[in-house]
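> These are the residues of each chain, in order.
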Amino acid sequence: MPKKKMICPRCGAEMNNHAEKISYETAEGNRNPDAVFGGVVDEIHTCPGCANVESRAAG
Amino acid sequence: MESGRPIFIPVILGTTRKGRMSEHVANFMAREIAKQENVRTALIDIRNIPFPTDDAGEHIKDAGFSETAMKADAFVIVAPEYNHGYPGFLKHALDTNLKEYIHKAVGICGVSAGPFGGTRVIENLLPVMRELGLVAIFWDVNFSAVQNAFDEKGKLLDEAYVKRAEKFIKELVWMAKVLRYGRENVELS
Numbered sequence: 001m002p003k004k005k006m007i008c009p010r011c012g013a014e015m016n017n018h019a020e021k022i023s024y025e026t027a028e029g030n031r032n033p034d035a036v037f038g039g040v041v042d043e044i045h046t047c048p049g050c051a052n053v054e055s056r057a058a059g
Numbered sequence: 001m002e003s004g005r006p007i008f009i010p011v012i013l014g015t016t017r018k019g020r021m022s023e024h025v026a027n028f029m030a031r032e033i034a035k036q037e038n039v040r041t042a043l044i045d046i047r048n049i050p051f052p053t054d055d056a057g058e059h060i061k062d063a064g065f066s067e068t069a070m071k072a073d074a075f076v077i078v079a080p081e082y083n084h085g086y087p088g089f090l091k092h093a094l095d096t097n098l099k100e101y102i103h104k105a106v107g108i109c110g111v112s113a114g115p116f117g118g119t120r121v122i123e124n125l126l127p128v129m130r131e132l133g134l135v136a137i138f139w140d141v142n143f144s145a146v147q148n149a150f151d152e153k154g155k156l157l158d159e160a161y162v163k164r165a166e167k168f169i170k171e172l173v174w175m176a177k178v179l180r181y182g183r184e185n186v187e188l189s
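Protein sequences appear in the order of chains A and B.
Under the numbering used here, the first residue of the first sequence is numbered 1, with each subsequent residue one higher.
Under the numbering used here, the first residue of the second sequence is numbered 1, with each subsequent residue one higher.
Hints in this document: simulated from the structure, not taken from any laboratory.
What you are looking at is a predicted structure, and each value in this text was computed from that prediction instead of being measured.
Yeah, the Cβ is synthetic: ideal placement off N, Cα and C, and Gly gets one too.
Do not take every clue at face value.
Pair ranges (Cβ atoms, derived) [as the list claims (entries may be wrong)]:
{"id": "1", "chain 1": "A", "residue 1": "LYS3", "chain 2": "B", "residue 2": "LYS170", "range": "30 to 38 Å"}
{"id": "2", "chain 1": "A", "residue 1": "GLU14", "chain 2": "B", "residue 2": "LYS35", "range": "29 to 37 Å"}
{"id": "3", "chain 1": "A", "residue 1": "LYS5", "chain 2": "B", "residue 2": "ASP55", "range": "32 to 40 Å"}
{"id": "4", "chain 1": "B", "residue 1": "ASN48", "chain 2": "A", "residue 2": "TYR24", "range": "26 to 34 Å"}
{"id": "5", "chain 1": "B", "residue 1": "LYS155", "chain 2": "A", "residue 2": "ALA35", "range": "53 to 61 Å"}
{"id": "6", "chain 1": "B", "residue 1": "GLU166", "chain 2": "A", "residue 2": "ALA13", "range": "33 to 41 Å"}
{"id": "7", "chain 1": "A", "residue 1": "VAL36", "chain 2": "B", "residue 2": "LYS91", "range": "27 to 35 Å"}
{"id": "8", "chain 1": "B", "residue 1": "GLU159", "chain 2": "A", "residue 2": "GLY38", "range": "34 to 42 Å"}
{"id": "9", "chain 1": "A", "residue 1": "VAL36", "chain 2": "B", "residue 2": "ILE49", "range": "31 to 39 Å"}
{"id": "10", "chain 1": "A", "residue 1": "VAL36", "chain 2": "B", "residue 2": "ALA63", "range": "29 to 37 Å"}
{"id": "11", "chain 1": "A", "residue 1": "PRO33", "chain 2": "B", "residue 2": "ILE49", "range": "27 to 35 Å"}
{"id": "12", "chain 1": "B", "residue 1": "GLY85", "chain 2": "A", "residue 2": "TYR24", "range": "18 to 26 Å"}
{"id": "13", "chain 1": "B", "residue 1": "VAL162", "chain 2": "A", "residue 2": "TYR24", "range": "37 to 45 Å"}
{"id": "14", "chain 1": "A", "residue 1": "GLY49", "chain 2": "B", "residue 2": "LYS163", "range": "31 to 39 Å"}
Where chain A lies over chain B, by a calculated footprint (3+ residues, C-beta under 8 Å) [stated by the list, open to error]:
{"id": "15", "segment": "161-172"}
{"id": "16", "segment": "182-189"}
Chain A on its own, in the form it takes in the complex (with noise of 0.2 Å):
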């Protein structure tokens, strides 16, 4: 099933997912690691209207 798109909460336009990145800081310890990765994966969104960048967990 595709992915939601993330909309701009700047401009409301329709924004590109264009990377996924890993983090293991310790501090993101309050979110659950990816069991694959062992860290916390978050998608990039990037806003083609207004150039905002956004970040959420990977789903």
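Following the hints, complete the assembly by docking chain B onto the known chain A.
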């Protein structure tokens, strides 16, 4: 197809040390970037960002610095070489952002009082750039014997740096355009 929005390339002055010659380098690079058509720049002086030193990382984001980083399409980092490494406060500042850097271009200007033009600080910074999600270009500008490259008021004394900076900036702008297109249009499959 190119976006009509100007490419934004801030210059990060990567040292807080008093008497820093890197300030002349950063000002020079900002002037050269500003000469490019449809390219904007700004000088980020890490000395002016009030980062706490009793914590580190994204928990101590500075709203202004993060907003500038988010708007950037590429970065120029002016890094003096201190004991063969980069200034600790530069790393402290860079570490406060992450998503703001991902898939953006970076070029590094090395600065040294000696003959090697900061080659060692550039090599030391490259793995950091990679982990921050930045894409390093293959042109550097090496300011060797920087005390001879500028006078005390920051006037450039060696015109060869103009051509060197031009090659570096052209490559950086190309990379910035390509990566902006990718960030905004090419979806992770």
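> Run every hint past the structure and note whether it holds.
Here is what the structure says about each hint:
1. A:LYS3 - B:LYS170: 30 to 38 Å: Given about 37 Å between the Cβ atoms, the range holds.
2. A:GLU14 - B:LYS35: 29 to 37 Å: This hint holds: roughly 36 Å between Cβ atoms.
3. A:LYS5 - B:ASP55: 32 to 40 Å: Distance hint for LYS5 (chain A), ASP55 (chain B) holds at roughly 35 Å.
4. B:ASN48 - A:TYR24: 26 to 34 Å: holds (31 Å)
5. B:LYS155 - A:ALA35: 53 to 61 Å: Check passed, 59 Å falls within 53 to 61 Å.
6. B:GLU166 - A:ALA13: 33 to 41 Å: holds (35 Å)
7. A:VAL36 - B:LYS91: 27 to 35 Å: holds (30 Å)
8. B:GLU159 - A:GLY38: 34 to 42 Å: violated (52 Å)
9. A:VAL36 - B:ILE49: 31 to 39 Å: Between VAL36 (chain A) and ILE49 (chain B), where Cβ atoms are some 37 Å apart, the hint holds.
10. A:VAL36 - B:ALA63: 29 to 37 Å: holds (35 Å)
11. A:PRO33 - B:ILE49: 27 to 35 Å: Taking Cβ atoms as reference, PRO33 (chain A) and ILE49 (chain B) lie about 31 Å apart, which means the hint holds.
12. B:GLY85 - A:TYR24: 18 to 26 Å: Since the Cβ atoms of GLY85 (chain B) and TYR24 (chain A) sit about 23 Å apart, the hinted range of 18 to 26 Å holds.
13. B:VAL162 - A:TYR24: 37 to 45 Å: Given about 43 Å between the Cβ atoms, the range holds.
14. A:GLY49 - B:LYS163: 31 to 39 Å: holds (38 Å)
15. 161-172: Contact hint for the segment 161-172 of chain B vs chain A: violated, 0 residues under 8 Å.
16. 182-189: holds (count 7)
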